[in-house]
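Colleague: Guided by the hints, dock chain B onto chain A, whose structure is given.
Chains as they are written, first to last, in this note's numbering: chain A, 43 to 656; chain B, 709 to 1147.
Be a bit skeptical, because a hint or two may be false.
When the alpha-carbon atoms are kept at most 27 Å apart in a straight line, the in silico DSS-like pairs for lysine-lysine are as follows [what the hints assert, rightly or not]:
1) B/LYS743 x A/LYS278
2) A/LYS220 x A/LYS291
3) A/LYS136 x B/LYS981
FYI, nobody ran anything at the bench for these hints, they're computed from the structure. Since we're looking at a predicted model, the values are computed, not measured.
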Amino acid sequence: MVYFPSEQEPGLESLRSHAKIIPYLAFFGVLLLSVQLFYLQIIERDKYYALSTKNLIHREKVKARRGKILDRNGKLIAGNRMGYNLYVASGLSKKERLKAITSLCSLGIKWDARKYKTNRSNLVKRYLEYPLYLELTINSEKYPYIYVEEIPLRDYYYKEIFYHPVGYVSLISPEYLKSKKYANYDDNDYIGKSGLEKKYEGLLKGTDGLRILLKDTYGKKMVLSSGNLGSESLYKKLHAGEREPKDGKDIILTLDILLQQFIYEEIKDISASVMVMDVSTGELLSYISSPSVDPNIFLQGIAIEVWEKIRSDARHPLLDKGIENFNPASTFKPFTAYCALMEDLTEERSIKPCRGVMKFYNIKKHCWKRRGHGRETLEEAIRDSCNIYFYQLGDLLGINKFKEYADKIHLSRPSGIDLLGEKTPVIPDLKFKFRNKIADGRWYPPETLDVSIGQGFVSLSPVKVLQLYGFFASYGKMLTPHLLKRIGNEEVFFPTVAFEGGQEQIARINKGLEMVTSWGGTGWRARSLKVKISGKTGTMQSKRITEYFKKLSPDQNEIPYKERDNPWFASFAPAGSPRFAAVVFMEHQGSGAYLPAILTKKIWERMKEMGYFD
Amino acid sequence: MICLIFVLGTVGVLFIYSAFSTEHSAFLENPMVVKQIIFILIGIIMIAVFSHIDYSLYRRMAVFVYLFSILLLLGTAYVFPTVKGRWIRIGFLSVQPSEFAKIAFIIYISNLFRNYFMDRSKGYIINLTLFILKTGLVTLIPFYLVFSQPDLGTAMVFPGIWLVLMIFLGTGQRLIGGLLLFLLSSAGGMFLRIAVEGSISGIWGNIFLGSGLWTVLLFVFASILLTMFLFLLMRFLTGSTLSVLTVWIMFILFFSGIYISGAVVSVIKPYQKNRIRTFIDPYSDIRGSGWNVIQSKISIGSGGFSGKGLTKGTQNRLNFLPERHTDFIFSLISEEWGFRGSLFVLLLQGIILFFISMTALRATDVYGFYLSLSILLVLLFHTFMNVGMNMGILPVTGIPLPFVSYGGSFFISGSILIGINLNVHSQGATIKSVGAYWK
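In isolation and in its complexed conformation, chain A is listed as follows (with noise of 0.2 Å):
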């Protein structure tokens, strides 16, 4: 069905003339098009796709497991709970801002909007209450755009008791976060900064994993699979980006508990030091230093008030006291009897009997008993801890003596403990005050006298003690006493050193020992029906003796708290084959008779009840 005529109409050629151009137009368009096309997918395209697996990676950090600490006998000291960490989303506008303000008012927490970022979450508040996460996570509809996030915090079960040698972690510092040493910690990372926390921190931090998670245009996030990715090929490649977080080992003290509960109940509210050895390998089975704070509280920052408090404490809370140096005292006689028995100076004619004064390069020395001793051998001036007999030997050595024997029974070397800031024991030579500009720089002989029972210049940490009478013990054997036993199921051997020669001379010393805890021994207050110890007693000088103060001779609880004796008892058990020491150094609170002869007899007997001698 034709309307017009088939004919062309006229004047259709010049528009056709024009036309022409048209397909050309077409043509030139698509090809523009396919230019563009060609451009972006082919020559742009690892650009364009990188950018389109950036668009849906979400790079997340697997915080490894801290390590746990053990006890000897498995029992958690130190473990790890759920923290729970409050965020406000990122790339929020200011009306979804609002909202999220709304909820947290709703929920009481404060949060100072003017910090807001938007190109990363916001932290909130650490250490969310459990009824707050709770309400969060359940009615999570109710708070928009906020949210909880879960990260490990370390958890101390013991709080005081372990504080010494386990230590503390607490949130790294900033600073620290711009070394590169602390490149693998983050913000939320938490560092030892105390004791085996912070000694065996390269142990226990384990690695943390990458985990990619995918995030679609909202935000929304997926865990990455290759459903919901789409495709295999790109889900194996992200995949192996991945990196499964290495937890920390966990480490295996040689501490018990048990043993450790008991003595700190003891003496939590004495500054003082508590140390047990076992003589054959050199575990501690307790270490004690008190009082003590509860590690917990530097985990969330830790309040004003209870810092102050613990700040201006006499008792020095933080320091750890089995590491410091203080006078051994008569602890240290055994030293000198060892000392004097290996010149064989004990037999000299030249020794005098005790009588309670003694004239030395024209200095009257006194001995504590005021009446003296009168003649004794080496094993009851021992048992009497007799200054008089002590300063003679010290005399007919002299002081470069002792410093030959403690450097060659390593007792002037630190004991090597596995905790950090050990004092290096001070055991003064000819040289030392020139060494040290101490006064004039010269050595008079009588400041031998007082090194030779302990006092002076000489100086050794409890932990150093216990390892001279470790030495008493095992017959001549230099332990190191240490704290870990294993890391994971791996031993961990710490060196002893077994010295040759000296054994009669320390079988002798060790009769005397024997005898301290005898009756009429000084230590007879430690003496125990259940075990056989042997033991020393000390007591160090708070403030020098005044002739007035001695006629005085007041009671210990009228003088001064900072100027009352520090006590020491050191012993081992059973006495003839020991197997384990013990020492207790008590800050300012009398002799060395007491109050420390009174706990180590508790211990040993405790620890006969344990069966630790069975």
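Modeller: Same frame as chain A, but now just chain B:
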């Protein structure tokens, strides 16, 4: 031709399925897919039907069809309940009247141009200005109605067709050239204004971008100065014969275009302004209106040569690609089928366009010529705007890709246009006789 449409439609269906593959795993479970398949079938029936209706018939009813479509648009705007202002509901179907208006507009304006051309070739003297004003009005009514829906993309089709048909009017080049200069300069001015908005302020900002007396004076003065300069330059350098008046009118048109653009900028909606701004610099608002362009480019680019595989595009699955079953379906195809697939789709579109342009050349009467030229323009405009927008070389306007994007109204109206074009083709001259013009 039907085959081409069918193939394109099938590709579209495949990718509509892919776009929702995370929600509906089975192919036919997806309501969108089923709907689109039905649309394709209807579309093909429409092609068959309209290719058998003589296109000369449309000439007689052109006015009525046009008026009816305007009424429909008016109804959409003021009477009928609508969806988003674009669709009206008839039972369970929602129909887009602007698509129907496109067909009606093509039929009517082709007739107007044909009448003008025939009258002129018969020797009647007709006022060109009056004609331009008349056709301009005919264009402006549907433009305004669709624009206020608001659907700028579809609305732009009307003036687009009108302008190009003007070029093929065969007369009044100078007037039409001036008009084009005016329109282009106003469009350019609009872009410029939006681009510098906020960066220039104070007195100079007021003078350059404002609409007061000072601005007018500045533009007049500048046009005179520039005219003198250019005129002298051309006179001495090239010996041009253009009169001073012509050059001056050119500049006046140019500056008034820029001046008018200020009014345009103040009229258009903020979101449209944003689209233009992000077209100039997508990264100015990454999370906001620039997001679509950036993600679309990433989708296309990351596809590479062979693509990520159907339903395996990450931009698709994780929702980074917006509107991926309609306006951005080309990006989706590019991502999952890569360069191969998207070039294939482009080629198919190119073949269709080429076929239509050949039809225009072969048409045996002026009406057929204008008709198929307009059809070509509609499809070219859609393809070009859509793909250009996907690749970030044109601003984002909500224009679907013909025969591929999801959407019944556009598929069916496109099919009708193809059907009409097939009828023009079947009545056209043989290839041989066209060959004479095709040297």
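Colleague: Of all the hints numbered above, which does this structure not satisfy? Sort the numbers upward.
Modeller: The structure conflicts with hint 1 only, although it agrees with all the remaining ones.
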